[in-house]
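> Produce the entire structure from the sequences given, and follow the hints as far as they go.
For the record, the sequence lines run as chains A and B.
Counting along the first sequence from 1, when you hit position 162 you're at 162 in our numbering, and nothing is skipped either side.
Numbering-wise, our numbering comes out as the position in the second sequence, counting from 1, plus 1000.
Hints should not be assumed to be uniformly reliable.
Counterexamples of contact, computed for chain A against chain B with all Cβ distances above 10 angstroms [stated by the list, open to error]:
1. 72
2. 122
3. 127
4. 128
5. 261
6. 279
7. 338
8. 357
9. 404
10. 464
11. 471
Derived pair list, reagent style DMTMM-like, types lysine to aspartate or glutamate, alpha-carbon separation capped at 20 angstroms [unchecked claim]:
12. 397(A) with 1190(B)
13. 397(A) with 1078(B)
14. 274(A) with 260(A)
15. 190(A) with 1215(B)
16. 393(A) with 1127(B)
17. 71(A) with 428(A)
18. 393(A) with 1130(B)
19. 1204(B) with 335(A)
20. 393(A) with 1078(B)
21. 1138(B) with 394(A)
22. 84(A) with 428(A)
23. 1048(B) with 1180(B)
What the hints contain is simulated information worked out from the structure, not anything from laboratory work.
All C-beta atoms, glycine included, are put in the ideal place defined by N, C-alpha and C.
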Amino acid sequence: MTQARVKYKPSDEVDFVIVGSGAAGGVLAKELSANGFRVVVLEQGPYLTAQDFSHDEVKVFVQHQLTNDSKLQPTTFRKTAEQKARVQPSVMYGRCVGGSSVHFTANFWRFHEIDFVERSRVGEIPGANFTDWPIGYNDLEPYYTKVEWEVGVSGLAGASPFDPPRSKPYPMPPLPVKGSGVVFERAAWKLGYHPFPAPMAILSQPRPGRDSCVACGFCLGFGCEVGAKSSSLSAMIPIAEATGRCEIRPNSYVHRIVVDKNGRASGVEYFDAKRNTQIQKAKAVLVCANGAETPRLLLLSSCSQFPNGLANSSGMVGKNLMPNSGTMAFGVFDEPLNDYKGFAVSRVLHDFYELDHEKVGFYGGGGLDARFDFTPAAFAMSGLPPGTPRWGKEYKKALRQNFTRTLEIFCHATSLPVESNSFSLDPEVKDAWGLPALRMTFRDHPNDLKMMAWMKDRAMEILDAAGAKAKWHAPVEEQEFAVHLLGTCRMGNDAKSSVINTDHRTHDVPNLFLCDGSSLVTSGRGQPTMTIQALAFRAADRIRELAKRGEIRG
Amino acid sequence: MNSPNGGRREFLFQVTGAAGAAWIGAQWPAIVAAAQHAHKVAANTPGKFEAFTSEQARQVEAVASQIIPTDDAPGAREAGVVYFIDRALTTFASNTKAVYEKGLARLNQLTSTKYPGVKSFADATPEQQEQVLVEFTKKSDGAEGRLRIGPDESDDFFETVRMHTIFGFLADPSAGGNKDYAGWKTIGRDPAFAFSPPFGYYDKNYPGWEAVRAELEKK
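Okay, here's the thing in structure tokens:
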């Protein structure tokens, strides 16, 4: 990308301003600029590239090089609306160009048909605001395929008997199997399950400008130094910039969507790197800021015309937060797995994707994968069995014995939408820019806790069948920290119960579009990025269509 | 891709071992570039202390050596953990300087009370140091078993030193500790930048997913 990058003045009215450069923002930036539109992407974090990435756990875990920093942007947490929220780190998201797709693990499952129609199948669940999607798997299938081929996903089509239909195979073979994958696969087969090579957004073969995975072992939390991880940063942003029509503007913290007297968005107000206020003008505004920051921005944008927050006539902005349920089981084996090498996951099983709720006594389902996503210091902080001495000779002995011999079975699963589970503005706490802090209100639906306990039991059985010489699991308990930020500006046909329509257009503001985890109606089984990107490719098509018909301004 | 040259090829074998070539062959220029970048950053050698006095450094090193002791393999001392902590106190952990000062004072006091005549923690025998820390940490232990993605901050002296010792022992040397990868070698992590399969014992001679499934279906 040697070509000079385009720069727009904030006073230039561009076609689209996109807030956020992550999984969805990156796709929309690429799709719209490649189709001739003038685009500015505002990203609150810095523009880092492969040169800035390292294996330094201090930078990543302590100094938050790639993620939000609760010192600058504190969050508050409470379990129920009756409680006063206390300051506590409650969300993590990518805060750099490429967003969370830079540091994520890169598990890339499609949602299945059931995820879109489950409310009809299962019926009402007390305490849940559970509903079907207004679109179905078939609407998204072409876009799942597009994601796989355009960002680069490795996998083996047809390997899972539970997979939904697909129109094309994966563009490249799966990554090599890891020791954890072999052990897990043998045990799972023994128990009659159907393990298969994990679909991963990591290149198993090189692509122009990107190398295939070198198996360095620093995926979760880290940026990829060779461009093998299919983040927006490596897969989408370079193409967007190469069009000469897309400017990525980092260090730009958007805090208000500007609305004109006709109730239409005319641009966005942001703090630049020097904390000066700027307004970027645009014909339409696309918010892809993630399931926490997107609703926060809408709530921050309340004005006399929209006193309850922008696009919030339904009252659903920030509601129905679904972080996905998840729990972990660990096993230690006799011989070295050396699972620190490679990427996180090489085998997964979907036998529990769609459980019979009448048989198991709860709704939902999920997937189990075999992984090791600990980097060395992270392992020493939290990878040893409970009860191991925390310092001294025995501690060191356990580190030496277990680091190469431990694997983890991660259970990813559904969360039900519950209306009171939400993001809102904290009435007292402010961030370093003086803006109201993000407040999270969350308590797992009891159904989800039951399901997590059930999934954990299955994981422990697999560890037994695998011959683990020691095994343990994380406590199944209410979550207070969210990484998957889903459902908080849900899609729907009814303007009274949803925030955006099937074109990702807000029901209330005709030239305001939202696309990210907040658009999801159900949580899927735990790996949302694939679906977020499929939605983004689809949204780009819908928005282009509207623009062609001259309907963007409403 | 660039054509190979001697230096790069040599480096490739160094990082992958001779066996790796087939899978990794296609992307070695990138590996070389990234690994060389990592090594360049890692080149800072421990020198003088900036945050600690030499006496404080002696005490901190004694505590760190109790947390990760030296046995037949390197411990916190050999990995240069005290230099990492000294740097931490001038950079990302500058807010914990007071925690160290107060904590060391308390620790020395406890040592002298428990072992009259012993002037400070570092002056005690390793066995005495262990006993002092057992007593010192009685109150601070307890949050074990919780899984976190990153370390929590803590005002607690022992938890702070423990976390810094772990990071100084095991974080990539570019962070200023883990001297010559002493920590990684101790826990069995090969310091190489890139790997190719087979990675460990269980995936050696793996015949492939289709082959294993076919065999299973025969049974």
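> Hints first: check each against the structure and report whether it holds.
Hints, verified against the model:
no. : hint                 : in the structure
1   : 72                   : holds (14 angstroms)
2   : 122                  : holds (31 angstroms)
3   : 127                  : holds (27 angstroms)
4   : 128                  : holds (27 angstroms)
5   : 261                  : holds (46 angstroms)
6   : 279                  : holds (35 angstroms)
7   : 338                  : violated (3 angstroms)
8   : 357                  : holds (28 angstroms)
9   : 404                  : violated (4 angstroms)
10  : 464                  : holds (17 angstroms)
11  : 471                  : holds (14 angstroms)
12  : 397(A) with 1190(B)  : holds (18 angstroms)
13  : 397(A) with 1078(B)  : holds (16 angstroms)
14  : 274(A) with 260(A)   : violated (27 angstroms)
15  : 190(A) with 1215(B)  : holds (13 angstroms)
16  : 393(A) with 1127(B)  : holds (12 angstroms)
17  : 71(A) with 428(A)    : holds (16 angstroms)
18  : 393(A) with 1130(B)  : holds (10 angstroms)
19  : 1204(B) with 335(A)  : holds (12 angstroms)
20  : 393(A) with 1078(B)  : holds (15 angstroms)
21  : 1138(B) with 394(A)  : holds (17 angstroms)
22  : 84(A) with 428(A)    : holds (10 angstroms)
23  : 1048(B) with 1180(B) : holds (18 angstroms)
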